[in-house]
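From first to last, the protein sequence lines are chains A and B. Its first residue numbered 147, the first sequence is counted upward by one per residue in this note's numbering. Its first residue numbered 27, the second sequence is counted upward by one per residue in this note's numbering.
There could be a bad hint or two in this list.
The list that follows gives simulated cross-link-like pairs (lysine-lysine, DSS-like), each with its CA atoms no further than 30 Å apart [to be verified]:
#: 1; chain 1: B; residue 1: 155; chain 2: B; residue 2: 193
#: 2; chain 1: A; residue 1: 302; chain 2: A; residue 2: 229
#: 3; chain 1: A; residue 1: 498; chain 2: B; residue 2: 193
#: 4; chain 1: A; residue 1: 302; chain 2: A; residue 2: 539
#: 5; chain 1: B; residue 1: 110; chain 2: A; residue 2: 302
#: 6; chain 1: A; residue 1: 288; chain 2: A; residue 2: 302
Since the hints were made in silico from the structure, they are not lab data.
Residues per chain are reported as follows:
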Amino acid sequence: MMTVIIRRNEKRSPNVDLSDVFDEQAGTISPVIYSDPDIYQMELERIFSRSWLFIAHETHIPKAGDYFSTYMAEDPVIAVRQKDGGVRVFLNQCRHRGMKICRTDSGNAKAFTCTYHGWAYDIGGNLVQVPLEEQSFPGLDKSKWGARQARVESYKGLIFATWNEEAPALAEYLGDFRYYLDTVLDASEGGTEAIGGIVKWIIPCNWKFAAEQFCSDMYHGTMSHTSPITAAITEEFPALDPTALSGFQFRASNGGHGTGFFEAPAGTSWGFRIVQAAGLVEGFDPEAAHSRQAAHLGDKRGTIFSQHLSIFPNFSVFNGASTARVWHPRGPNEIEVWAFGLVDKAASDAEKEQVRLMTLRTFSAAGTWEQDDGENWVEVQRVLRGHEARQTKFNIQMGAGATRNEGADFPGTISNAYAEEAARGLYAQWFKLMSDEEGTSSKRGAYVHAAE
Amino acid sequence: MPQNNVATNTQLPKAIVSPELQQEIEQFLYFEASLLDDHLIADWMSLMAADIRYFMPLRTNRGPRERDREFSGSRDIAYFDESKASLDLRLRKLQTGLAWAEEPPSRTRHMVTNVRITALANPTEYEVKSAFLLYRNRAETQTDIFAGERIDGLRRIESVAGFEIFKRHIHLDQSTLLANNLSIFF
């Protein structure tokens, strides 16, 4: 058991004692990590400023000048398609007095002009115009006062960025998780595209409840989501017995990523999704869609359905619907969910419509499944207002010691679908980063990001 | 430069409907709201026509040149894009008694006002615009307030209620939804 007491910069906050908050051997977790404001401030620095964070899908910004305003944790950033086809991600903060330089959600821009004093930045984030420059800032070297740039890389349609110059390349960061991520991103020739629209909503809960559930928790499904499952049972699509389903969970060997899924009994994969969408879209051929994906994947991943996954720290996908989302942290007690739909580029219009309807009717703020997740996390968070509740450890033991390698034709560290191995992986990565002061911005002395 | 759009919205409707029709439709909207607030969801659902489209688009912050893209389109994700069949699925979910986001149910109050009626080409159909304020309180202290506009299509039929609803477009006056879910109807 690791015991670490972290002494924070004395000027900025009191010491935070992280000893004993996560004990993988004992299978316990202290709920103080979901509610403590000092731990949250440490997370912003040690987790979010050091990890690769999801920004947007490539198809959100296809043309030069297309921009998408989003956040890296609490920091507002703008992702912009460049004339050379690349993407830049920079802080949405004017270098003069810190006003946002972009106040709209998305669109196409030739420049970003601060509405406070008028400093203007080009689509690469370079400072190009300062009002009354001769009188007000004679001799200003504008090349030194561009918007703060993040490091940007893409993986199969997903754009990520990080503030960490020492982070491994994105592909290495994802590591052996890519095999399971490709079930979503590379299930057909040409990969995926985003369905239009970002559903944004607020859930008063800690970001780790959401990230952990999508990483590891198949177990909650039959209880939390019993109502939409029961409501959709028909003669044509009778109930699937969850205890009879074969399913697996995967804990990435590194990095805190995780996934879980069922193996679909023949013919049930699309059937389940169609009843949850309340019907088959005219012209959609589920058999053809299934065959296309199974052939392209070319191995046992063609049988995967109802796959949940999280990329550490705060990006998740549920491929039972086709929803991808970021859990933007907003203090220890709140998140903003930003969710969008993913669909194969190779899909027919009818298939795309089927996926659109299925996704918005199940996994969205109004979704028949997602409604109940929000209810759970809000109630858990409220309980943690209690002092005694915060000192009462949670059990995170499911499936401990029951992993196997290369199991059932699925590579890596594999558990049964009902396990918390991937959650333990997520918290192990969290604990590792929180316990390591090296490379943090305070250690680098990077609080003042002065012009070079 | 783009024009401020005030000028195009200041026209009065071409024909103002009779006070009798105005009152009849307003009374129908109040009746409908009372069914939701009294948790008579199955009765409320019976007012939805077989060809209902129940649609609540997303809403975004756009620059002046792209203001016409404020609302998400019909091929985009929406909060709601429902048919009669999918509304019925939502009703059956509630009826399981295991729909935790509405068990125990939210307390709601649907307030409907600013009702403007336009006769459509089909003499039995009307377009009805209204403003709404929807208060929700649930569990111990959770409280949400939603405001917006509804653009309804009403069809006169032989029934106790007198009308059925074949279109409900809901424009919520929020961009980032300030509630943890939308487990209620508008």
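Results of checking the hints against the structure:
1. B:155 <-> B:193: holds (11 Å)
2. A:302 <-> A:229: holds (20 Å)
3. A:498 <-> B:193: holds (24 Å)
4. A:302 <-> A:539: violated (39 Å)
5. B:110 <-> A:302: Given pair residue 110 of chain B, residue 302 of chain A is violated - Cα atoms ~38 Å apart, limit 30 Å.
6. A:288 <-> A:302: Given pair residue 288 of chain A, residue 302 of chain A is violated - Cα atoms ~35 Å apart, limit 30 Å.
Hint check: violations occur at hints 4, 5 and 6; the rest are consistent with the structure.
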